[in-house]
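Peer 1: Since the structure of chain A is already known, use the hints to place chain B on it.
Okay, here's what each chain looks like letter by letter:
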Amino acid sequence: SQQGEEDPQALSIQEGENATMNCSYKTSINNLQWYRQNSGRGLVHLILIRSNEREKHSGRLRVTLDTSKKSSSLLITASRAADTASYFCATGQGNTPLVFGKGTRLSVIA
Amino acid sequence: DGGITQSPKYLFRKEGQNVTLSCEQNLNHDAMYWYRQDPGQGLRLIYYSQIVNDFQKGDIAEGYSVSREKKESFPLTVTSAQKNPTAFYLCASRDRGGSGANVLTFGAGSRLTVL
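Those protein sequences? They're chains A and B, same order as listed. Each step along the first sequence adds one to the number in our numbering, with nothing skipped, and position 70 is 70. Each step along the second sequence adds one to the number in our numbering, with nothing skipped, and position 77 is 77.
For the record, the hints were derived by calculation from the structure and aren't laboratory data. Please note that the accuracy of each hint is not assured.
[What the hints assert, rightly or not] Below, a list of computed lysine-lysine pairs in the BS3-like style, where the Cα atoms sit at most 30 Å apart:
(1) B:57 / B:83
(2) A:102 / A:56
(3) A:102 / A:26
(4) B:14 / A:102
(5) A:102 / B:57
(6) B:57 / A:26
(7) A:70 / B:57
(8) B:57 / B:14
(9) A:69 / A:102
(10) B:83 / A:102
(11) A:56 / A:70
(12) A:26 / A:69
(13) A:56 / A:26
(14) B:14 / B:83
(15) A:102 / B:9
[Stated by the list, open to error] Which chain B residues stay away from chain A? Per the calculated CB distances, all over 10 Å, these:
(16) 12
(17) 27
(18) 63
[What the hints assert, rightly or not] Here are the in silico distance ranges between beta carbons for each label pair:
(19) A:51 / B:41: 20 to 30 Å
(20) B:5 / A:58: 22 to 32 Å
(21) B:27 / A:94: 13 to 23 Å
(22) A:60 / B:54: 39 to 49 Å
(23) A:109 / B:40: 13 to 23 Å
(24) A:12 / B:111: 35 to 45 Å
(25) B:41 / A:26: 16 to 26 Å
(26) B:75 / A:57: 33 to 43 Å
If you're wondering where the values come from, they're calculated on a predicted model, not measured in any experiment. Quick reminder that beta carbons are idealized off the backbone N, C-alpha and C, glycines included.
One chain only, chain A, in its complex shape (with noise of 0.2 Å):
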């Protein structure tokens, strides 16, 4: 089935600094999602990006789709510590259900 794949799997940065995650899959896809968990809660949903589209803003978020290279990335401006988290891209085709990464743990030092 087709899967998301992060990288890198843990990150640490400065308060302040920027964050960058990267997503890669293997197979077509509608659309590509973003989400964060915070330790032992649910996920939350952040921003979704369909195939046609090319970058995507959301606050201090941007997230990318190459689906020539099959890879996504998201961005997160002016780090902070509340965004210490894990973040997991999840891949949809139609109405199959969502298929996701192993994450990236966000550690944001103040």
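Peer 2: What follows is chain B alone, placed relative to chain A:
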């Protein structure tokens, strides 16, 4: 407030026992999902249901069972046949007809520990 409620939050089970995890949503969503998450891992799909009285196996359905008798409810039973059930279980739902594509709304999760 609309959302998804999972219970219990923590559950301990002895080997050989079946346990049922509850998932209730008041979002009027058609589709519901159960995922399993192991430490440091992503989410793996156990079962999903697109409409009432219908459900499909996911990637790791063995040792689990579900029912979908009501739109609002999608309970998951972890049976004694599941050899390694200790994990974090996440329930999610999706509005098939909405403009949010297949964006999922998640519950807070249930952590099952086998003693």
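Peer 1: For every hint, state whether the structure bears it out.
Peer 2: Here is how each hint holds up against the structure:
1. B:57 / B:83: holds (18 Å)
2. A:102 / A:56: holds (23 Å)
3. A:102 / A:26: Holds, because 14 Å separates the two Cα atoms, which is no more than 30 Å.
4. B:14 / A:102: holds (29 Å)
5. A:102 / B:57: holds (21 Å)
6. B:57 / A:26: holds (22 Å)
7. A:70 / B:57: Satisfied, since the Cα-Cα distance of roughly 27 Å is no more than 30 Å.
8. B:57 / B:14: holds (25 Å)
9. A:69 / A:102: holds (19 Å)
10. B:83 / A:102: holds (22 Å)
11. A:56 / A:70: Within the cut-off at roughly 16 Å; holds.
12. A:26 / A:69: holds (9 Å)
13. A:56 / A:26: Holds - the C-alpha atoms of residue 26 (chain A) and residue 56 (chain A) are around 21 Å apart, at most 30 Å.
14. B:14 / B:83: holds (12 Å)
15. A:102 / B:9: holds (23 Å)
16. 12: holds (16 Å)
17. 27: Correct as stated: the minimum Cβ-Cβ distance to chain A is 13 Å, above 10 Å.
18. 63: holds (19 Å)
19. A:51 / B:41: 20 to 30 Å: At 27 Å between Cβs, range holds.
20. B:5 / A:58: 22 to 32 Å: Given about 27 Å between the Cβ atoms, the range holds.
21. B:27 / A:94: 13 to 23 Å: Given range 13 to 23 Å: holds, Cβ gap about 21 Å.
22. A:60 / B:54: 39 to 49 Å: holds (41 Å)
23. A:109 / B:40: 13 to 23 Å: Since the Cβ atoms of residue 109 (chain A) and residue 40 (chain B) sit about 20 Å apart, the hinted range of 13 to 23 Å holds.
24. A:12 / B:111: 35 to 45 Å: Taking Cβ atoms as reference, residue 12 (chain A) and residue 111 (chain B) lie about 26 Å apart, which means the hint is violated.
25. B:41 / A:26: 16 to 26 Å: holds (18 Å)
26. B:75 / A:57: 33 to 43 Å: Holds, at about 39 Å.
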